[in-house]
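Which chain is which? The protein sequence lines are A, B, C and D, in order. Here the working numbering is used: position 178 in the first sequence is 182, and no number is missing along the way. Here the working numbering is used: position 224 in the second sequence is 228, and no number is missing along the way. Here the working numbering is used: position 128 in the third sequence is 129, and no number is missing along the way. Here the working numbering is used: position 239 in the fourth sequence is 240, and no number is missing along the way.
In short, the hints are calculated from the structure, not lab data. Given the structure is predicted, the values throughout are model-derived calculations rather than measurements. Don't take every hint at face value.
What the hints assert, rightly or not - Below are the DMTMM-like pairs computed for lysine to aspartate or glutamate, each with C-alpha atoms no more than 25 Å apart in a straight line:
1. 125/C / 342/A
2. 125/D / 313/B
3. 16/D / 258/B
4. 125/D / 312/B
5. 16/C / 259/A
6. 125/D / 253/B
7. 125/C / 259/A
8. 47/D / 265/B
9. 47/C / 265/A
10. 47/C / 253/A
11. 45/B / 296/B
12. 47/D / 259/B
13. 125/D / 258/B
14. 125/C / 308/A
15. 125/C / 258/A
16. 47/C / 268/A
17. 47/D / 253/B
18. 125/D / 308/B
19. 45/A / 306/C
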Amino acid sequence: MNRVLDIDGKLVGTMPEFACHPDEVLQLYRALVLTRTFDAKSIALQRTGRLGTYASSLGQEAVSVGAAAAMRPDDVFVPSFREHGGQLWRGVTLKELFLYWGGDERGNDFAGPREDFPICVPVGSHPPHAVGVALAFRLRGEPRASVCVLGDGATSKGDFAEALNMAGVWQVPAVFLINSNAWAISVPRARQSAAETLAQKAVAAGIPGEQVDGNDVIAVRAVTERALARARQGRGPSLIEAVCFRLCDHTTSDDASRYRDDAEVSRHWPAEPLMRLRNFLTAAGHWDKAKEEALLHECSKAVEQAAEDYLATPPQPVAANFDYAYAELPAELAEQRETAIVIAQGAA
Amino acid sequence: MNRVLDIDGKLVGTMPEFACHPDEVLQLYRALVLTRTFDAKSIALQRTGRLGTYASSLGQEAVSVGAAAAMRPDDVFVPSFREHGGQLWRGVTLKELFLYWGGDERGNDFAGPREDFPICVPVGSHPPHAVGVALAFRLRGEPRASVCVLGDGATSKGDFAEALNMAGVWQVPAVFLINSNAWAISVPRARQSAAETLAQKAVAAGIPGEQVDGNDVIAVRAVTERALARARQGRGPSLIEAVCFRLCDHTTSDDASRYRDDAEVSRHWPAEPLMRLRNFLTAAGHWDKAKEEALLHECSKAVEQAAEDYLATPPQPVAANFDYAYAELPAELAEQRETAIVIAQGAA
Amino acid sequence: MSELSLVQAVNAALKRAMSEDAAVIILGEDVGIDGGVFRATEGLFKQFGEQRVLDTPLAEASIAGVSIGLAAQGFRPVAEIQFTGFAYSCIDQMLNHASRLRSRTRGRLTCPMVLRSPAGGGIKAPEHHSESPEAMFAHIPGIKAVMPSSPARAYGLLLSAIRDPDPVVFLEPTRLYRAARGEVADDGAGMPLGRCVTLRQGREVTIVSWGAMIKEALEAAEQLAADNIEAEVIDVATLKPLDTATILESVGRTGRLVIVYEAPMSCGFGAEIAARVAGRAITSLLAPIERVTGYDTMMPYLRTEAHYMPNTVAIVAAARRSMAYA
Amino acid sequence: MSELSLVQAVNAALKRAMSEDAAVIILGEDVGIDGGVFRATEGLFKQFGEQRVLDTPLAEASIAGVSIGLAAQGFRPVAEIQFTGFAYSCIDQMLNHASRLRSRTRGRLTCPMVLRSPAGGGIKAPEHHSESPEAMFAHIPGIKAVMPSSPARAYGLLLSAIRDPDPVVFLEPTRLYRAARGEVADDGAGMPLGRCVTLRQGREVTIVSWGAMIKEALEAAEQLAADNIEAEVIDVATLKPLDTATILESVGRTGRLVIVYEAPMSCGFGAEIAARVAGRAITSLLAPIERVTGYDTMMPYLRTEAHYMPNTVAIVAAARRSMAYA
Ligand SMILES: Cc1ncc(C[n+]2csc(CCOP(=O)(O)OP(=O)(O)O)c2C)c(N)n1
Ligand SMILES: Cc1ncc(C[n+]2csc(CCOP(=O)(O)OP(=O)(O)O)c2C)c(N)n1
Ligand SMILES: [Mg+2]
Ligand SMILES: [Mg+2]
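Turn these sequences into a full structure, and let the hints guide you.
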């Protein structure tokens, strides 16, 4: 299992090139903290009826932040629904994320990464999209790659196996990263597959697969960078299993205490990704209490501001749902659009 | 790669127990010859417009014959559409096979193996059925197993990966056997998957997988018997890749010369399964020209008789298609049934 | 008799079916210890054990496919698809295999399975959690499609679905899971499939619907009654096979028909009802057949989903249009 | 102008589209060297190379899924599903992703893909090779569904489908692939989607159909003409969005409607046509709406499949019933 920092933030692997620049590591830390701050706020908003069902990424922040940090701006991110950290790193705004989770499609109209895919709710159905995107890059001869993040449960879905196999056949520049957080709602990893590791799912497709400590953001970024480098060199796709743990409920509609012991959760807290990186930075003399407080303050200010902006955003007009159905509104839909507007006006 | 007899029929592996009884081996040989005889007749009937599109098993007879021979009568066979040999061994009659390929559902109403599944046309969609059947055996605590045969192309279908994974999780008594005949219509094995072997697809599901020479019926039976023994002992499912070659066109509607060289086909002829077994039996003194002729005569007599019976079978009444739609005919369908009968009588 | 919510009625029916027939087993995602995300299978894992309540890996196509194998072997699997938005992956298995196993083998193998799934919108859920695909399943020969609209019917129809010798797709109106409560006698009595249920008698206009929209249909009838317009309300209950007779009889009396459904209008199940009436009761029609439906767009995200759902106002308006027609 | 069979017209349209737009690429099973099992892509691999004509592994869901990724990146993938009986595996990808990409992202990402597949029976093929699932696709918001019935329309409509900025499911009538021949001008002119085509004018009864059944519809009109019954024959051509106006206008003149389709009757696309007419042209209807369709059973195996297919006799009878109605 690839690892750079151990639970206490001590160096146990070889430090990748990028991590020799403190700023790079500090940026990663900032991203983890911002993600967790967004997470807390989202849950608060949901609990008070101001956000829809929300999927927390508590304890899994390092997975998509590490992956996104390894990407180039013009690569394409194809996320599942728990990769807030990665989306933020890619340039999706906090407000856009709030809009999405608040049930507003405009949250998917990213001002930043225009080619990134929106969150995918049907589990395991997006890997084929990542293959298509990567195939487009290969056909156009562009040195770009797609990065698809999916869950451990998603690896059981046929679409994932089909996509991985096609990626292998066509040797497309795609990287598949598993957020292996030990649970698929109430189904534990052991009941999801008899495979010892999920990285070995790559063997079926004849592509490389490896595990990485998903709580070690430096390792995740390093491993993803290697995979992306291979992809760009035309050496094909690869699969990475980032092993971590879902410290939160599945979503705000879930009550994990129904199916797993708090004790198990507590056991995994010491391994969570923020503390170890903070310890590492502190030991290296790049971090201290003051900086920590400043960062927390900065993050919560940004999140609070975004939440305000989100809450101040008026809902879309009824017509919007019709106006984006097709490039050109068909006659039959134009009629329905009128009806909808009339009904919305309370008349009928 | 498991192998008992080489191309010339020389012993290169350890002879399995059953093969020490000449009768057992002779039975296998007879099954291979009967299958090929049925095959030739089917193509002849199709060419003369008396049978529908037909999928020949030329050169692949040893795969399903070997698998079926390893099964017990109360196991359940879940075939694809190229396992005539296995179906015949299981007790499906030649007439039933002709009826099926002639476009008559009664061909699936096997008088013999009542629990065997009918031919599955949607490629790769039947592995889940084999898992369900095996799960039923496990839940009832019966020492039975299901054997699913699928093609190399079928291994790319999501349902196969899902089924293999579920079989692994539940440790059901199922054996998945790949008729790895190098082609999926015009798509060569190399373009089907980057996996070096298809046996390694098992790694993704965490179950054992191995290759066997699909032209060596003794080896196929031996390997399948081992897998079935494991399954019956509650030690779970396994995957077997039987490597052979499709010496025929994909089906009678295909013209393989469009996409592959005859030279390649010729190169594989020497490895075909009948000759090597005949050589082995001859060398062992169990076979000679006279016996061969007698067998060929016996087989063609049986096949000709069955073909006659098939051709003499009147088509089903119009009502049949309605009478088997549900256990009880719904009112709306009863009306349609009457209409259909009237229309069939030429009136309307 | 005890008052149960619709999801509790589903749970009671499952428990009853499992108690009376050892061949009944449940499989699906999170149906075990968790009891299903809506608690439809709550307590069953504890009571019947892991041999009869199986959590599956995340693979809908195979949840259906494995059920087919189990059913062919004499089990009566009741498979749960967590939300109908994820049941589309099952269509291939249901259409190409489950629905045909009997006919394909001329009765040798059969497929007595139930595919259960919460359907419909209005619960402010994420995308894909508010789908109404009933018409797709009702188009599949060999399948039966059922959609209850009350706790009592959920209980009775689910029991019949489980006891049915053929594959049944059983869609449960998510919006009513907790909202709908009513007296349910857990007496193991099934309600016959293939029969519409007339929930309210009326002489002037027939309102036909199914699933959660029955709520709005009944509310509309109330409002119409206030204006002395007597609406008859029919709950289709079983979409396939459809009890055409009950609908034709009603329209024969009222001469006016309003069909209400939440799925996209085009090719929704209501189109089939309209087609049958237009094919057999044209002379009794005094006005055009009205359809109050979802739009031919995707279901909007939760913030604006209310605009998508047919509402009482629209149903009342349609009934009035029908009444006003001359 | 040259006389082409329907499948040759499809081939010509593909070749034309690929020549005029480098973004057009083809993928599917056996579409390469083999040229497709019906030869629809014959010669394209040779002419355009493996970069633009890709043989895929055997995985329908991902053939659709990969096309979505390609389309989002600006390619115009034309995916072939070898037979519609295997296209059910694509419904999840088409409904949950292809059809929604534009709406979901508010226009940021779009999905200009075409999913081509031979549909319909009557060619004595094995099971699953004779399916008519058009209604399922026509029920999906965000998708367009097209079904040509002549070489010229196959050519023009396919070109328009490929140039369309949204996902189009293009179902080709297998039975007409070689049977239908006609003059086709390979001039790159597309035919507008969303328009019905009136193939024969008539004052007394309107026969609406699509795909291969147009052949029987026209034959029926001929026979009716012999009895001085003038039937108008409309080819729907584009099922979604539906050109309701043309149908209503015709029924408004004739007052009689016979809808012909080979899919199972219940929830078939003709139900939607009937529902629209019953909702808007009820007063002009002089007789019940007739449907001549496939039955609500699986398509029988080839030996008896002829009994399943609607035929000219049945269409003529339905038209006569309609004419006789008073
Ligand atoms: C195809 C599909 N089936 C079921 C669901 C309901 N569901 C949402 S998340 C989830 C579990 C996913 O587990 P995993 O892939 O491990 O991702 P995680 O939630 O752990 O991040 C399920 C069953 C879904 N969204 N999509
Ligand atoms: C799901 C599905 N897709 C496509 C087809 C059309 N088809 C029939 S056989 C075949 C190739 C199958 O190859 P393989 O699995 O290797 O089996 P083989 O024919 O070589 O025995 C294809 C594409 C089908 N029957 N089912
Ligand atoms: Mg997980
Ligand atoms: Mg093959």
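task = Please flag the earlier hints that this structure goes against, numbers listed from lowest up.
result = When the structure is compared with the hints, none of them turns out to be violated.
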